[in-house]
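Student: Each chain, letter by letter, is given below.
Number of protein chains: 2
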Amino acid sequence: MVEKNNNIKADINKHLKEEEKFKEKWLEEHHPIDIAEALSELDSSRLKEFTGLLKTENLADIFEEAEEDLQIDILKTKSSQAIIEIFSHMAADDITDILGLLTIRKRKELLRHMKQDDALVVRNLLGYDKESAGGIMTTEYLLLNKNLTTTEALKKIKNIAPDTEIIDTIFISDNNKKLVGRVDLRDILSSADDKKLESLMADNLIKVAVDVDQEIVAQQVAKYDLTVIPVVNKSDILVGIITVDDIIDVIEAENTEDLYKMHGVDEEESSDTSLLKSVKSRLPWMFINLATAFLATFTVALFQDVISQVVALAAAMPIVAGMGGNAGTQTLSIVIRGIALGEIDFKDNWKLLFKEALVGIINGAATGLVTGFILYLMYGNYYLGLIIFLAMILNLLIAGMFGFLIPLALQSLGIDPALASAIFLTTVTDVFGFFVFLGLAKTFLIYLI
Amino acid sequence: MVEKNNNIKADINKHLKEEEKFKEKWLEEHHPIDIAEALSELDSSRLKEFTGLLKTENLADIFEEAEEDLQIDILKTKSSQAIIEIFSHMAADDITDILGLLTIRKRKELLRHMKQDDALVVRNLLGYDKESAGGIMTTEYLLLNKNLTTTEALKKIKNIAPDTEIIDTIFISDNNKKLVGRVDLRDILSSADDKKLESLMADNLIKVAVDVDQEIVAQQVAKYDLTVIPVVNKSDILVGIITVDDIIDVIEAENTEDLYKMHGVDEEESSDTSLLKSVKSRLPWMFINLATAFLATFTVALFQDVISQVVALAAAMPIVAGMGGNAGTQTLSIVIRGIALGEIDFKDNWKLLFKEALVGIINGAATGLVTGFILYLMYGNYYLGLIIFLAMILNLLIAGMFGFLIPLALQSLGIDPALASAIFLTTVTDVFGFFVFLGLAKTFLIYLI
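Chain order of the listed sequences is A and B. Under the UniProt record's numbering, the first residue of the first sequence carries the number 1, and numbering increases by one thereafter. Under the UniProt record's numbering, the first residue of the second sequence carries the number 1, and numbering increases by one thereafter.
One or more hints might be untrue.
For identical chains, the list gives no copy identity; a pair is met inside one copy or between any two copies.
Below, a list of computed lysine-lysine pairs in the PhoX-like style, where the Cα atoms sit at most 20 angstroms apart [said to hold, decoys possible]: (1) K234 x K207; (2) K277 x K351; (3) K351 x K158; (4) K146 x K106; (5) K146 x K177; (6) K195 x K442; (7) K351 x K280.
Note that these hints are calculated values from the structure, not bench results.
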């Protein structure tokens, strides 16, 4: 991939001096997204020079596939009139996304210059939450009345085909314009005689409401193996469709978000974020983490007199805390994925909590036994071994329960279940782990000295 | 969703006594996957009774959508002859997946009973690695010669349409049967006069080799917004296609795998795994984790004399280790996602390593300053504050570097970059953090007492 892009970059530099014919052929041979990737590494004057050489149509293809930063850079090199021309080759939902990146002033100016019909569609789309079905849908779909015959339908489809995103799924409305079903183009093509669309329609239509969160939309598309899902308003009228390629972007974004949030990383960050932005995005979480780490410190400080008498306790402390943290994070990972995939079933909650608690007790006992034995060998005191055995059972029990409860509690509070969950969890396992271990040591102190 | 499934469950129970007509209509109204979900909660005798009532065609629809466990349960209730009949309604790649779940004996028996042509395709598919392009592709595609005209093509498409998975993309071969391009059905439908397919063909075809890993396939599909990607053999001959709905399953599986592996959870585990399986899957990781935790313990044990003289050190230990672990996991999350999304560019490696190191130093200094100040207030010794300040800078520097290097090192060794990376990382930050902090304390011991 990298090598390929270097070739494209070399070609781009050549282009700036090449003749028309080579350019046409070159554009056909390369995928717009590969060209966009190469363009993102040009400086602004070369970018302006190159985009100036392209036909609007070709530029629009590349522009649509570009990352947001490059889109903004390209727009900076163009007049409002030129931008409107680029927009005329693009779908309304893509235009909406780009307008969302601009200042309100620039956005208003561009909307004023657009064709009235197009501007109306875009204004409408701008009203939806960016992460809702309405925010990611496109308005280019095929909707036909259920009373049309297959011959009539095929004629309409042939006319509309060049302008719509999906043609193998045709949505069907009743006489009140309500969405009532879908028909596959293959069924229209292969139906022998002239049938009404209604007779080819499947009954079990999966659809989503326009205000539903994009994560739910993605779950539905994944569950029912859809290539396109219709979006309806409250009156059950089709207002847009969401295609599966946009769903993949949603799934990848939500997965990144879950992993990042769990560990306190800002969702905007990626491997090419600048140093300053990275520090800014991660430092707040480090301070939250510091505050929770001090809770562990205060817990340990409560037992300083015990530690000063039995220093072996300080050496064993990392085991109790570390094992609790890792066991809890195992549970956490499973619950967060279960919620993301829509697999966690709330009526089974108590059963699952009980199971995680049991896993904790069993794994705590198994690893605690080994730990206790090794510490006994190291320090020759079997009470120390017994204490760590008990502390690990209790800490892994707590770890399993909190690894399960933290994401569910966050979710029921309307907060993303992944948010900082690993930080909360390790706070619980550190504080509780130290408290149980050092507390037991204090209780049995006379056997340890 | 849950409520809906409960309705289906009630219906299923009713069915077992209902007449034929109600059943037909009910099957049409519900999506096979919802029925499959409800069936997975029936006991085996009721399952047998219900599946016995269905036409093979309907059963095949439900069977295809069922989870693996349910598929096996259903097969157990059926004779080989009945299974072959179910298979006759299914695609070769789905049959292959199911045969992969059975014993070799049962597999051979079923293959013997299948039609020879079908058995040949399935045998061929069984030869590919389950997680390669060949393992997830289907052999139901449309391939036409580039010299056909649009009218000839449309006639062929009408005939083939009912039997193929994707009809809006037609793949094009040359006279040597090599894959040379693709044409959209929309372009065939809307082309005014009778053109050769070759003239409608796009040049920039994205394809994958049959032995490529499914994660790479998913990256290509996501990058180029494809709904279907062709799979070719070494001679560039089309051997199958992969549709986007299967890609979504791959993406979700790989995401689950990354999150799980990072934290030492078996990829097969989910929220409904049994207690025994969960213990079995997680316990090995807990023991690996225990071994690494002992490394931290041995490090602390080296400094027991220092701790016994300055017990405040024991209280501060969790901060140094915890902050390092969390900072490192932030870096780790970003690098693992970057690799999964194909965004990490190896030529930028050293620049990125340098950046992560700098973020570590800056965040270490910022949080170390606050920590040092609070410890000074708690214990009235500013050398303690200074020591923890220095220890945190060094530990977060190491955390950033190892958070970056561990996944890349695993990847270059051919190991999944997520595998146990969080466990390796916290071992490094624990051992190094304790060593630096307690080592500094030992060096400046006279100022601490």
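Student: So, for every hint listed, does it hold in this structure?
Tutor: To see whether the hints hold, each was checked on the structure:
1. K234 x K207: Within. Shortest intra-copy distance 12 angstroms satisfies the 20 angstroms Cα cut-off; inter-copy 42 angstroms does not.
2. K277 x K351: Cα proximity of K277 and K351: across copies only (16 angstroms, versus 43 angstroms in one copy).
3. K351 x K158: Cα proximity of K351 and K158: none, with 56 angstroms in one copy and 53 angstroms across.
4. K146 x K106: Neither. Shortest intra-copy (43 angstroms) and inter-copy (47 angstroms) distances fail the 20 angstroms Cα cut-off.
5. K146 x K177: So K146 and K177 pass the 20 angstroms test inside one copy only (10 angstroms; across, 42 angstroms).
6. K195 x K442: neither (85 angstroms within a copy, 89 angstroms between copies)
7. K351 x K280: This pair counts as between: shortest inter-copy Cα distance 19 angstroms, intra-copy 42 angstroms.
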